[in-house]
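S.K.: Sequences listed follow chains A and B, in order.
The C-terminal position of the first sequence is numbered 259 in the working numbering, with every residue numbered one higher than the one before it.
The C-terminal position of the second sequence is numbered 259 in the working numbering, with every residue numbered one higher than the one before it.
Honestly, the hints are just simulated from the structure, not real lab data.
Watch out, some of these pointers could steer you wrong.
A pair counts as met if it fits within one copy or between any two copies, since identical chains are not told apart.
What the hints assert, rightly or not - Below, simulated BS3-like cross-link-like pairs (lysine-lysine); rule was C-alpha separation at most 25 Å, straight line:
#, residue 1, residue 2
1, 234, 130
2, 255, 78
3, -6, -17
4, 245, 130
5, 219, 23
This one's a predicted model, so the numbers in the text were calculated from it and none came from an experiment.
Protein chains: 2
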Amino acid sequence: MAKLTGKWATEVYKDTAFSFKIKKKLYGKRSKYQMVEIFETEKHGNLMTLDGCYMVTEREEFVYHDMLAHIPLFAHPNPKNVLVIGGGDGGTVREIMKHKGVKVIDFVEIDEDVYTVSKKYFPALVKGLEQDKRVRFLFGDGIKFVKEAKNKYDVILVDSTDPSDISGGLFSSEFFKDVYGALKSDGIMVMQSEDPFYDGHIISNVQGRLKKLFKQVHLYLAFVPIYPSGCWSFSYASKKYDPREIRNKHSKIKKFNYYTPELQKAAFSLPQFVKELLK
Amino acid sequence: MAKLTGKWATEVYKDTAFSFKIKKKLYGKRSKYQMVEIFETEKHGNLMTLDGCYMVTEREEFVYHDMLAHIPLFAHPNPKNVLVIGGGDGGTVREIMKHKGVKVIDFVEIDEDVYTVSKKYFPALVKGLEQDKRVRFLFGDGIKFVKEAKNKYDVILVDSTDPSDISGGLFSSEFFKDVYGALKSDGIMVMQSEDPFYDGHIISNVQGRLKKLFKQVHLYLAFVPIYPSGCWSFSYASKKYDPREIRNKHSKIKKFNYYTPELQKAAFSLPQFVKELLK
Chain A
-19 MAKLTGKWAT EVYKDTAFSF KIKKKLYGKR SKYQMVEIFE TEKHGNLMTL DGCYMVTERE
41 EFVYHDMLAH IPLFAHPNPK NVLVIGGGDG GTVREIMKHK GVKVIDFVEI DEDVYTVSKK
101 YFPALVKGLE QDKRVRFLFG DGIKFVKEAK NKYDVILVDS TDPSDISGGL FSSEFFKDVY
161 GALKSDGIMV MQSEDPFYDG HIISNVQGRL KKLFKQVHLY LAFVPIYPSG CWSFSYASKK
221 YDPREIRNKH SKIKKFNYYT PELQKAAFSL PQFVKELLK
Chain B
-19 MAKLTGKWAT EVYKDTAFSF KIKKKLYGKR SKYQMVEIFE TEKHGNLMTL DGCYMVTERE
41 EFVYHDMLAH IPLFAHPNPK NVLVIGGGDG GTVREIMKHK GVKVIDFVEI DEDVYTVSKK
101 YFPALVKGLE QDKRVRFLFG DGIKFVKEAK NKYDVILVDS TDPSDISGGL FSSEFFKDVY
161 GALKSDGIMV MQSEDPFYDG HIISNVQGRL KKLFKQVHLY LAFVPIYPSG CWSFSYASKK
221 YDPREIRNKH SKIKKFNYYT PELQKAAFSL PQFVKELLK
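Just chain A, with the same shape it has in the complex (with noise of 0.2 Å):
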């Protein structure tokens, strides 16, 4: 078998590990939560880690962006009112600022170091951002914010990393109440709930904890080659709506990178193994 010789950046997930080619490495420092470096790939473009974990690729991050983005603001009539906890790299808000019908952007990244990073890194992610009147940079801690947030926006996204010691409590029923308190009464919440080859466990926890609230809850996958397995789970909730229709006609989108209206119904369809999960 292969050795690597050369620069690799790798990360090992469990008995798995996946490695890029690197150029050089770009930055490396401790922020207040954790460790975030940036190494420039040979044909990824920057690849952004968290505590080892990869984020970002400028190659492949259209994948993740697009699909967290899209499905809800598609699959709600008309939203307004939008809320991203995490997200700090600026992408999934790039994607949502392309619906015209939004208002409100309501930002809140705990590490404000990684939307600094990402401002001079990734600029692709935050293009346009701070031009947006829409996009209210509320740096801070993500689950505080929602506590406060009563009736109060139409679709809240959760872009966080894998469950940590920062992350861990946007896994957690409690969060998901005080998420619920914050939707208006039609509203929608997608987050990302990692794999289902490595990780079915946390889908399984997810899934659950959000049926004892939600009228609809529902998983729907996309390709990230850079996560662990390369499938990668959303988990959506809704107080009203079936995500598998698209209702919002306000959005005038022309283009899309991965998302296409086929797949706001067809991204649900699931292999039999994740649907036992969903059991």
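Place chain B on chain A using the hints.
M.R.: This is chain B only, laid out in the frame that chain A set:
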């Protein structure tokens, strides 16, 4: 970033590498055609590599075999004669055997050593193959075999390695013409056709070549964590049938691992960047 310490098996693919932590190497020998190696991994069961490329792990093999076999076998109303080119590990033939209406499975693998090794290290993949009288073991050159077959098969499955000196011919227009000739007037072929993230040009070429011959040409995807990018494509071609409909009522299969009836349609709903490869 992490360094790989201890024992790992690694596949380097372009500027990426994917590794499994291993307990030990179980087998390594050059066959007439390629280097065949078997590793016992920590949590993914046994792993087979051919010329350093991952072929199967016991834990994940169900995805590829389910999706290669069941999509075409349910699109055809009554498949009786089936040909498998390659697929030496036995998993594809095993899935075809589940279809009760199938009468003959011609199994043409060029490298008999792959099958012999699979019998020893992947017992679940070859289970029942030699006891099933429908399976004809025809070790030899699939390209030659197909050239000599005329108007004979309902379904042909091409279960090959990445295009290489041995398998490159299985991606050529000449081979596709021979497949066309070997199929009955309503025949179907499916072949693995690499991944859209790193090898989009292969998908474009294969689809373009098939479209010159077949009336129905489509692409579908599945999550295969052990192959580059984790997003794997299958090219479908038929003289008659659109694949997004279940026509076969003869195959009474109670339980799948990955395939579901909804995926018969949904697996063909492609992300935007993949749709663009087919233009």
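S.K.: Since the copies are identical, ignore which copy is meant and state whether residue 255 and residue 78 lie within 25 Å (CA to CA) inside a copy, between copies, both or neither.
M.R.: The answer is between: 21 Å across copies meets 25 Å, while 32 Å in one copy does not.
S.K.: At most 25 Å between C-alpha atoms: does residue 245 with residue 130 qualify within a copy, between copies, both, or neither?
M.R.: neither (30 Å within a copy, 41 Å between copies)
S.K.: With 25 Å as the alpha-carbon cut-off, assign the pair residue -6 and residue -17 to within, between, both or neither.
M.R.: both (19 Å within a copy, 14 Å between copies)
S.K.: How do residue 234 and residue 130 come out at 25 Å by Cα distance, when the copy is not named: within, between, both, or neither?
M.R.: neither (34 Å within a copy, 47 Å between copies)
S.K.: With 25 Å as the alpha-carbon cut-off, assign the pair residue 219 and residue 23 to within, between, both or neither.
M.R.: neither (43 Å within a copy, 39 Å between copies)
The structure fails to meet hints 1, 4 and 5 from the earlier list, while all remaining hints are met.
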